[in-house]
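Please model the entire structure based on the sequences and the hints provided.
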Amino acid sequence: MFKIVEKKDWHPTICEMWVEAPRVARKHRPGQFVIIRIHEKGERIPLTVVDKKPEEGLIRIIFQKVGKTTWELGTFKPGDYIADVVGPLGQPTHIEKFGTVVGVGGGVGIAPLYPILKGMKEAGNRLITILGARSKDLLILEDEVRAISEEVIVTTDDGSYGKKGLVTDALKELIESGEKIDQVVAIGPGIMMKFVVKTLEPYKIPCIVSLNAMMLDGTGMCGVCRITVGDEVKFVCVDGPEFDGYKVNFDELMSRLTVYREEEQQALERFKNAHPEIFAGVE
Amino acid sequence: MAEKKKGLNLNRVDMPRQDPKERIKNFNEVALGYTEEMAVAEAERCLLCKKPLCVQGCPAEVKIPEFIALIRERKFIEAARKIKETNALPAVCGRVCPQEEQCEEMCVLNKKGAPIAIGRLERFVADYEAKMGAVEKPEIAPKSGKKVAVIGSGPGGLTVAADCAIMGHEVVVFEALHKPGGVLVYGIPEFRLPKVIVEREVEYIKSLGVKFECDVVVGRTVTIDDLMEKEGFDAVFIGVGAGAPIFMGIPGETLKGVYSANEFLTRNNLMKAYLFPEYDTPIKVGKKVAVVGGGNVAMDAVRTALRLGAEEAHIVYRRTRKEMPARAEEIENAEEEGVIFNFLINPVEIIGDENGWVKGLKCIRMELGEPDESGRRRPVPIPGSEFIMDVDTVIMAIGTRANPVIQRTTPDLEVNKWGYIVADEETCKTSKKGVFAGGDIIRGAATVILAVGDGKKAARAIDHYLRTGEW
Ligand SMILES: Cc1cc2nc3c(=O)[nH]c(=O)nc-3n(C[C@H](O)[C@H](O)[C@H](O)COP(=O)(O)OP(=O)(O)OC[C@H]3O[C@@H](n4cnc5c(N)ncnc54)[C@H](O)[C@@H]3O)c2cc1C
Ligand SMILES: Cc1cc2nc3c(=O)[nH]c(=O)nc-3n(C[C@H](O)[C@H](O)[C@H](O)COP(=O)(O)OP(=O)(O)OC[C@H]3O[C@@H](n4cnc5c(N)ncnc54)[C@H](O)[C@@H]3O)c2cc1C
Ligand code: SF4
Ligand code: SF4
Ligand code: FES
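Protein chains in written order, with my numbering: chain A, 138 to 420; chain B, 839 to 1309.
Hints listed in this document are in silico derivations from the structure and should not be mistaken for laboratory results. Do not rely on the hints blindly, as some may be mistaken.
Label pairs and their in silico Cβ distance ranges [stated by the list, open to error]:
#	chain 1	residue 1	chain 2	residue 2	range
1	A	306	B	1282	52 to 60 Å
2	A	328	B	1086	47 to 55 Å
3	B	939	A	212	49 to 57 Å
4	B	866	A	212	53 to 61 Å
5	B	1282	A	140	34 to 42 Å
6	A	231	B	982	27 to 35 Å
Just some of the chain A residues that point at chain B, by a computed CB distance under 7 Å [as the list claims (entries may be wrong)]:
#	residue
7	180
8	310
9	400
Below are the SDA-like pairs computed for lysine to any residue, each with C-alpha atoms no more than 25 Å apart in a straight line [said to hold, decoys possible]:
#	chain 1	residue 1	chain 2	residue 2
10	B	981	B	1050
11	A	371	B	1237
12	B	1197	B	1085
13	A	178	B	1017
14	A	371	B	1242
15	B	1094	A	313
16	B	1197	A	406
17	B	1122	A	407
18	B	1094	A	204
19	A	409	A	233
20	B	1122	A	204
21	A	371	B	1087
22	B	1017	B	1160
23	A	371	A	233
24	A	190	A	236
25	B	1033	B	923
26	A	371	A	350
27	A	273	A	260
28	A	178	B	1239
All figures in this text were calculated on a predicted structure; none of them were measured in a lab. Beta carbons are placed, not taken as given, at the ideal position from N, Cα and C, and that holds for glycine.
This is how it looks when you write it as structure tokens:
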């Protein structure tokens, strides 16, 4: 059992928690994640370790409420326990001094991006970060990202904050302004990562992406997380989650995420009907 | 009783099973077990051989005639304890051992086609002991002051843990998943091995003082060196199984509707997806399912698919029925339940529809050629014989291999060219001092009882090492 010690709501649909998981906190390196199971009947879902306090045995998670499990986890309070937290899983990010690194984060993709950028900063890189959100109130971790980046560009789909538009628009502008970029790290929805890579292609700027594949065990045992990368099939949980963006088959990634669409909707509807109060006032 | 010795009784007592029409609608155990009367009747048939051949067929050296003699005297609990002297998991082995190739194959009565049903008797007494609440704790040796880490909680790890605890050592089991039991909980389905039986065994091992720490992936959460250098463990047993799935490497394997058997079975067994939405983990089975492979894993997957509502459930196997590695009993069960067997065909491609879902399995016909290294006749494709099976779900059950996570983080651990850990056959010692290994991770996918056997040997060797310091 893993105790929640602190909780913060960034938005009615975005939640942050600090959780006691001393073994994970001790070993975690940027780019790694945990698999959690919220209770005895729960499913196993992956979440990035956004930050840690090894001395206190704490890890920080930030999640978007998209389905039954994340909505239910959102109802947990400090003092409550998560049944299982296992990790750190996946390969740590390959961090080195590249020169200028551009981070591109979309939505809650900013959460997994942040620890990687922190690692990049510590390795002596110069950071420029592009953060994208649907609207201002859905933007997370802006202050923390600003604290480590030389420059931060914010885009929102509705123009409620920063530039109106997509992260790819801002990225293109940045490249065309003559900025010399040595490495890009892009994390967000599959479609965003796909178009970030497309944007970079003419300039041959290398790009790391982190894949949000469906997972079960997270240890290389089931293969549900498999994705075609180049001409090989890789397991995201053990070979990734980060890959060379130029090699990833994003269409396959997005397609595979829809396997349980019907069941996910059914589970969420059932949960909504049982707990309408949780959803009151949320569109 | 004296009269019976004259003539051989060749009437093996059948074990009642659930009706096939009923059982494909539920996940309850198929085999219902002997009654006391049946067990005694079957035990009466045993010749109580002076030089029992049956024992030679059992990797755990279960004292077969001795326990059968106790059943005849209706001393069921004593019989259970007699088995437990050499096998800590009789309720499990009695159910899943390939008895027809082990103890029962060697039984003298097998020559007459009616070996004693040793497995059924073993299962009966183990269940009887548990039902009577008579499970006894063995005497535990005085504390040795030594600590043993067991990595993985499959049958191998559980055996080492129990034995080391009895020998007086402090034992902690580290398990990657959230529940102990290994393949017994995530792989073998409820209808063949009810999970309460595994839970019962784990509770028993806990009662011996063994601690379990789940959610620990050794190699990631902590390394073997951390355990030995920072956490004070004097010896380590690696029993992590061979859990990484193998795919065929044919086009279409990333389509929706393609599963590894591990995924399919884990969703269902460990995560209880058959109870969705009461349990949160979903599973999807189409109308027409093809399971590729011919082993126990394939049988478990195909029978699970039927129970989840598949209208047609196929086995696709590249050799013939004779070469199928699955247990005879399970093949029969599958047949009774309506599984369709397709022999001498091999998939070459999985075909998808415009939305990325499986809509067919392209196969090629095979014929048996010359025997290969394993002595089985090698299947060879017949050119131009390709055809498409109309299926919407494909489950790959063609084997597993070693997961490299421990080996990668423990450089001084010797592995062979397939990635399995090299360990001494008699002692389970690895190339690293203080580290032992057994079960599937040293031999490749094998059996429960071989893992138990390794656990026995390893525990003895660990005890010797801890007491003498000799390596
Ligand atoms: C390595 C890794 C790290 C991750 N880190 C984070 C994180 O730090 N914060 C966070 O909020 N999420 C993260 N995710 C995604 C997260 O695991 C999913 O959002 C979560 O599993 C959804 O569970 P659910 O039951 O609430 O929703 P579900 O019922 O499973 O899904 C509801 C809806 O969300 C969509 N969906 C499902 N899974 C994903 C997914 N993986 N990505 C995008 N959409 C999905 C479904 O298609 C469906 O429409 C990560 C995923 C991976 C693989
Ligand atoms: C579906 C199926 C059906 C089978 N049917 C039969 C049968 O009928 N009869 C029979 O005799 N055999 C059968 N087998 C084979 C048998 O189950 C195995 O040979 C046996 O379980 C091997 O035992 P083990 O102790 O080596 O480990 P396993 O049972 O494989 O357990 C290993 C455990 O270690 C854990 N682990 C792995 N890596 C780590 C790590 N890094 N850190 C911590 N923990 C880790 C795993 O999560 C797992 O719980 C079947 C196998 C399968 C998959
Ligand atoms: S453990 Fe297995 S092989 Fe040994 S006697 Fe029992 S059923 Fe037979
Ligand atoms: S089980 Fe068979 S071989 Fe063993 S003692 Fe009885 S009759 Fe003899
Ligand atoms: S999640 Fe099971 S292998 Fe990656």
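- prompt: Which numbered hints does this structure break?
  reply: 2, 4, 6, 8, 15, 16, 19, 22, 24, 27, 28
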